[in-house]
Amino acid sequence: VLTFYVVYSWSRNQFGSATVQPDEALRNAVRVIDLEKALGLFQELRIQEWFLDWTFFLQFWNLFYGTAHFAVTIFTLAWLYRRYPVLYPRLRSSFLCTTGLALVGFSLFPLMPPRLLADCGEFGGCLAAYPFVDTLSEAGGLWSFDSGTMQKISNQYAAMPSLHFAWAAWCALALYSVLRSPFTRALAVAYPVATLFAVIVTGNHYWIDALGGVAVLGAGVLLGRTLADAWHRWSFRNA
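Sequential numbering of the sequence shown, starting at 1335, is according to our numbering.
What the hints contain is simulated information worked out from the structure, not anything from laboratory work.
Computed from a prediction, not measured in an experiment: that's the story for all the values here.
Beta carbons are placed, not taken as given, at the ideal position from N, Cα and C, and that holds for glycine.
Warning: the hint list may mix true and false statements.
Label pairs and their in silico Cβ distance ranges [unchecked claim]:
no.	residue 1	residue 2	range
1	T1389	T1560	29 to 39 Å
2	T1401	E1472	16 to 26 Å
3	Q1393	R1567	48 to 58 Å
4	G1474	L1442	31 to 41 Å
Required output: the full structure, derived from the provided sequences and hints.
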């Protein structure tokens, strides 16, 4: 899994901000916003504006955004490996396939996140009509994209699908399937809900990106189970 993540990170950043035309990412962002408006569901700006004066609140969600994505996922993978070795291959395969499919989305549909819409810098859209705030930069967190090098080599337009939400939903599904306590199951379900709020209030995603995350998760689960079962049958025949 660790090797796969290293390969994933390298592949993801091959489509870094410096390799994608901001105009293309901006056009896709406008398409997403127009779709959400047509559905009457473009509320991300309003949600963020409600909390902009709550600095400590934003700092908490910045921290959550930057750490839970990795910490909870790593914990879930490790715990499942130790406690449920029979189920682990299927669950791991669905996780890996979900992540791989997300890379396809990043490459085919570069998307400018909300926090860059009003940014007039090299990678922003300079759209005053959508004054989203980059809360990582303004309120503070463990890291941000303020470094020019980070801006260039990282893929700031890897927003569709939301891998934050896809991983969170995978964790919830995997844990819910093995947990028995109503309380722990409720915590598992609450995690992707909290993640959805985090990615919106920090200006990193549109809610429809989370829908994209659900789509790649669904496809990843189907593909992962198919591959895991095929590998199991092949291993059994050649044992």
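Each hint tested on the structure:
1. T1389 / T1560: 29 to 39 Å: Distance hint for T1389, T1560 is violated at roughly 47 Å.
2. T1401 / E1472: 16 to 26 Å: holds (19 Å)
3. Q1393 / R1567: 48 to 58 Å: holds (50 Å)
4. G1474 / L1442: 31 to 41 Å: holds (34 Å)
Checked against the numbered hints given earlier, the structure breaks only hint 1 and satisfies all the rest.
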